[in-house]
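Starting from the known structure of chain A, fit chains B, C and D onto it as the hints suggest.
Protein chains: 4
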Amino acid sequence: MAAMIRVEQAWFDVLAEAGVAPAAADLTGLVGDGDVVAVAAGAEGAGNPVAPLVRLIRDRLRSRGDSRAADWLHRGLTSQDVLDTALMLCLRDVLGRLAAELGRHVEELVRLAAEHRGSLRAARTLTQHAVPTTFGLTAATWLESILDARSAVTRVRASLPVQAGGAAGTLAAATELASGAGSADAPSTARGLTTRLASRLDLTDSPPWHTRRTPVTRAAAALVTCTDAWGVIAGDVLVAARPEIGELAEPSGDGRGGSSTMPGKRNPVLSTLVRTAALRAPHLLAMTHVAAAEAVDDRPAGPWHAEWPTVQELARTALVAGSQVTELLSGLHVHIERMAATAEAAAGTLTAERGSLPGASASGTDVREYLGAVNLLIDEALTRADAALGPEREGTG
Amino acid sequence: MAAMIRVEQAWFDVLAEAGVAPAAADLTGLVGDGDVVAVAAGAEGAGNPVAPLVRLIRDRLRSRGDSRAADWLHRGLTSQDVLDTALMLCLRDVLGRLAAELGRHVEELVRLAAEHRGSLRAARTLTQHAVPTTFGLTAATWLESILDARSAVTRVRASLPVQAGGAAGTLAAATELASGAGSADAPSTARGLTTRLASRLDLTDSPPWHTRRTPVTRAAAALVTCTDAWGVIAGDVLVAARPEIGELAEPSGDGRGGSSTMPGKRNPVLSTLVRTAALRAPHLLAMTHVAAAEAVDDRPAGPWHAEWPTVQELARTALVAGSQVTELLSGLHVHIERMAATAEAAAGTLTAERGSLPGASASGTDVREYLGAVNLLIDEALTRADAALGPEREGTG
Amino acid sequence: MAAMIRVEQAWFDVLAEAGVAPAAADLTGLVGDGDVVAVAAGAEGAGNPVAPLVRLIRDRLRSRGDSRAADWLHRGLTSQDVLDTALMLCLRDVLGRLAAELGRHVEELVRLAAEHRGSLRAARTLTQHAVPTTFGLTAATWLESILDARSAVTRVRASLPVQAGGAAGTLAAATELASGAGSADAPSTARGLTTRLASRLDLTDSPPWHTRRTPVTRAAAALVTCTDAWGVIAGDVLVAARPEIGELAEPSGDGRGGSSTMPGKRNPVLSTLVRTAALRAPHLLAMTHVAAAEAVDDRPAGPWHAEWPTVQELARTALVAGSQVTELLSGLHVHIERMAATAEAAAGTLTAERGSLPGASASGTDVREYLGAVNLLIDEALTRADAALGPEREGTG
Amino acid sequence: MAAMIRVEQAWFDVLAEAGVAPAAADLTGLVGDGDVVAVAAGAEGAGNPVAPLVRLIRDRLRSRGDSRAADWLHRGLTSQDVLDTALMLCLRDVLGRLAAELGRHVEELVRLAAEHRGSLRAARTLTQHAVPTTFGLTAATWLESILDARSAVTRVRASLPVQAGGAAGTLAAATELASGAGSADAPSTARGLTTRLASRLDLTDSPPWHTRRTPVTRAAAALVTCTDAWGVIAGDVLVAARPEIGELAEPSGDGRGGSSTMPGKRNPVLSTLVRTAALRAPHLLAMTHVAAAEAVDDRPAGPWHAEWPTVQELARTALVAGSQVTELLSGLHVHIERMAATAEAAAGTLTAERGSLPGASASGTDVREYLGAVNLLIDEALTRADAALGPEREGTG
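Residue numbers (this note's numbering), protein chains in the order written: chain A, 1 to 397; chain B, 1001 to 1397; chain C, 2001 to 2397; chain D, 3001 to 3397.
Chain A extracted, bound-state conformation (with noise of 0.2 Å):
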């Protein structure tokens, strides 16, 4: 509710500011989190919750002796105008949000990398034992995984798009109050005052998008591209958290993983709950683009509505699983002892292939010897890291 009303404000100082309204009122304090119930209340009954919530902001101005400020509030926009703009707000603070927190995994993840470079591991391939490996390059290709959502991630905020374009995508209540203001050129001038919003609010210019859902789909993937990145971390943990296997461990302490009947079992409970928010956004993804593929006429009626649940709890099931990401990597135990052993216990299957090579120079056993370009594939991931994280560091130096 309060990105809606800030973007009922911005409007109103860009209305001003443009000479179309007199000038804009205060906003702050007039609606607040009591107002919440009744706002929800009139929603079910407008279809959405502008409509209740313009109407409370402008009984409230009258009360206040406001009634100029009443008549104009609103003026020129239609409620998808302020929910929309309101969700790319939102938005970009989880985007935000989740560029931090996987810049945190990033950090975490060069750290592993590097220290576990040598770390002899047997990769494993549709669950058997392949080659060897390390746990530097498990890392590295997770790394990877965290760049390539971190890059979907920024350039997906960075292209949030403003929503303005009044009952129908055609400015037409904008125009009629800037000719009624004196505009030469009232389209121009409408036009103006969504770039003017955009500008305000740190947000991209558009034309109106009301039909055109792409700015909530490639938000929505970029979301995705993270919980899939974290669904393998998780998965893999999951995988060498078993006792049978024990190469890795999740953080202990302050209560997590405990059983409500077995003492001293602990659950993988950090990468458990990474992978469930995994599994589940993918189909949270899907209703945002049936929903795009079905916003017909000049406002659809259902499509739309059908996205502000779906968006919202993927956000927040991404952020709730970004904050475990951080806590599962920063106290990840790797037990190397552990893995050098059952690859050197599998020497002979994983050095297989080696001797089936036609002209190799060797054909030894030996795990150690057969670690390929894994150095120079660690080097180039966190090659990549660097250059990603680099210009903020110096940014912030």
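Please note that the accuracy of each hint is not assured.
As the list claims (entries may be wrong) - If the Cβ cut is set under 10 Å, some of the chain C residues that face chain B in the computed set are:
#1 Gly2246
#2 Glu2294
#3 Gly2359
Unchecked claim - Beta-carbon label-pair distances, calculated as ranges:
#4 D:Glu3344 x B:Ala1041: 56 to 62 Å
#5 B:Gly1390 x C:Gly2264: 42 to 48 Å
#6 D:Ser3159 x C:Gly2364: 55 to 61 Å
#7 B:Gly1390 x C:Pro2243: 26 to 32 Å
#8 C:Gly2364 x D:Asp3205: 48 to 54 Å
#9 A:Arg316 x B:Asn1375: 38 to 44 Å
Claimed, not checked - Derived list of chain C stretches under chain B, where covered just means 3 residues or more per stretch with a C-beta under 8 Å from a C-beta of chain B:
#10 2082-2094
#11 2124-2135
#12 2346-2352
Keep in mind that the hints were calculated from the coordinates and are not lab data. Cβ coordinates follow ideal geometry from the N, Cα and C atoms, glycine included.
Using the frame of chain A, we list chains B, C and D on its own:
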């Protein structure tokens, strides 16, 4: 299968070019359409078609006396390298054809937007008449969605990565082969083979991404961005083709839309089929994300396998729908008199907002005077289209 | 949380009743709304809310001096037993409320089908006019869908199973406790505790189903069968409420459907919100199935956890949509003159099939003469409704 | 296509049998495999394959001089009647084959549950060792899931409805034809044709369900209930086949599981492919529900069309996975010594719960003494299997 053989050939050439293997054999004509059934049968046993295909080619090479080539074929690669790279080649082709198809959509929509810039129409929001608009703006909004899709398609197409990591993404075999061939820096030589392969196949270079499935989910997302855009067009045509509305009609002729029982009935078949594609695609995208989130170990058991049929179906669906949209747009009937008549008959409703505005300069009910910034928004879309297609046009001039 | 406490209490009572534990303590009032935040916080640490809840109740029991009760509480159960059984209790409540709501829908639709048995209307197929029908048959078809949904809901509701398997579904702790209490056949006594628990909570008896998630997917499917049926009703109303068609209108009054900018505009808000629910629900169902398919080990890490928020959201969505459908149907405006006028104006089209039939007795274009078996099909639906609701009516008579 | 011709033939026979049409023609041999391409091409134009197929059969009938049959063919039906009924016939076949396949699974699992009733094993919950169990109980739990699936499959199979409503579900043409043939109660005669068609095709009778898609979603749900059950089995095998666990192994032989680069490696290919099916199926189910929820008008434009490829793919996926499960279960290697050794080595952990119980009779760490009701639960599953298969066995005895 052709794409898989192409990958094997390119890798063989790269091995030879880098001096890692002796001269590469020419695989042309070794395996043909008649072998598809046998390879498919073997695929069920091996879990993927690469193992039986490699075995078959080796047999054929040996049959023609080239047992050294048989020995060197596929060395350094794993099945997933071949399949992932072949998938990327297929996607490059698919995305290229889609970009061309989207280019055709852009041209048709530029024509429709310009031609119907002033074709008065009632805008509908939540199914009800809202304010006046023109069909030119409807076309311009469709156009913006198509431009979004085209931009996603071309961006993804330019970043499709090669896959070559060997058994578990460590390049162990390739490094061993490079070492056997006397390389002073075998890991770099091995990593260089991937770079060469990328260059030879016109894909982007990449470290192994066996468990980092962003390339697949990104491509799937681009495909669904297309079907989303088309779904909205199809849905709008389906509404407007209703006899009670009658503002748009599908192209007639060539047996389109006939009923099996009702003579004379013309069904909007193209829109129906395009909408079908748009309803199905999001679920296929969700599948690729579940697969991506579960890609554990160094190569996963199941999630990777779930990608092939899914992406294949998604690509096929998008290609068919794309061509149907071209047919739909190029022959779309626009009944401008009916549009205008409906809008004028609803003038009171369509201008109700106007009369409610504070300080409005005029409050008449002439729908043509309340078109807001329609013209300017159409220009904005046309300019964007021009910028998007411009460079290519020059390039082909 | 209330449902979880109810399960703990019932189990405690069962232990005592069977002579396995000493007299059960009364848990009433031990934990209240004020504890929700603390339990939720603990839930993140433990991965589920049961462990912190049990700990809290034990602390409270000890505080009031009942340390023996604290010792016995929850013995023999695992977290999943409590949560799954609590979920079933919540679902029983939800499905019961839905069955009642669907009963209301049945009554409204029986009324509409009977009342509009002869209300002439043009049938639309693939959006185009097809043959004549009546609105009574439309209502009868909706009714059949609602009866399907009601049948699914009541069948599932009657088969919701209790869950009580202990740490890994072996009833090990319960068997041990029974043995300690002197049972001659401890396994049977332990298994009997589950049966008693089922009886006490009015659920069906079942062996443990920690990894067999049919009860959850079946319940989710029943919920989506409801939203499917409602989605069609909502979609049909959305089409018919278009101003150009104007055959149906939503109930007016009480602030429903107001626009934030267009005075006088009435949006079909109820149908819009119901359709929203119908578009979202299938994805939530898919989530429960992915979870069910991945429920490995003796209790899974993640898939089970993905069920709670999913089923909860699905249940909430269905309950809200169900009440909206009741409001929609009970106040639906049926414009029979408009229906008839459209059908009569399209008489040529609507009877074209008739003229093409071989050996037809008549080939006139009177739409009222080509209504086929409409009456009989309406009767068939009414009879089915009567049979479905009949027993209950008698029961309450 | 064969199913569609079968429906046309049966309807023709029914028309003749009821005296509505003159003697039915024999359609055998009129259309063959060579016509598939032409019909498919026509299908794109008409939006479905029925219109071109009917046209083709009529042409062939006329070519052989039977123009009266050509006139009467398909009269009273619409495309959707033919396709929906053909889909039900295909589903009956598919569900029948699945029921048989599930019967084989039941038999294998009965064998495994009985044989390994006492095969000690460590239960894992959230990936960690929990309490002792036996592999017999694991098999019994799988068995219960298979019995759930089999029950869903047979129930759905027994209720697949015929579809025959004519152009818009009013039976208008059929009624007209009955009237022309002199029926005193033409609507009843027409409705009776559907009943006769059901009887002739061994489907259940039903009023038209053009927009009530429960028969499709219910069948899809049954298919996914199968893949869910199989997914859990496959997932459990994938975990247990990990070399560090080594408790289960897939059947070897016949080229299963070979690697394209690593000699000697055996991949758990069957489980991998079965899990793939289980990961994909839920999304296909979601598609059928979105289609069901959007089935507006008297026959919808798009949602119906989305069902065919979806259900077809789901059926194909289930059939293949079902046969792979049979192969997997019938040749599954159970390493009971390894299971026992792991459980015994973890005895302290596996019996920790036991020691914490109040008033426990014993608190030793002998894992074989803490198996709870394992035997009894196995018996319960075997009894259920016996009851499920029993009647059929007798029937075939």
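**OP:** Return the numbers of the hints above that this structure violates; sort them in rising order.
**Re:** Hint check: 3, 4, 6, 7, 8 and 10 fail, others pass.
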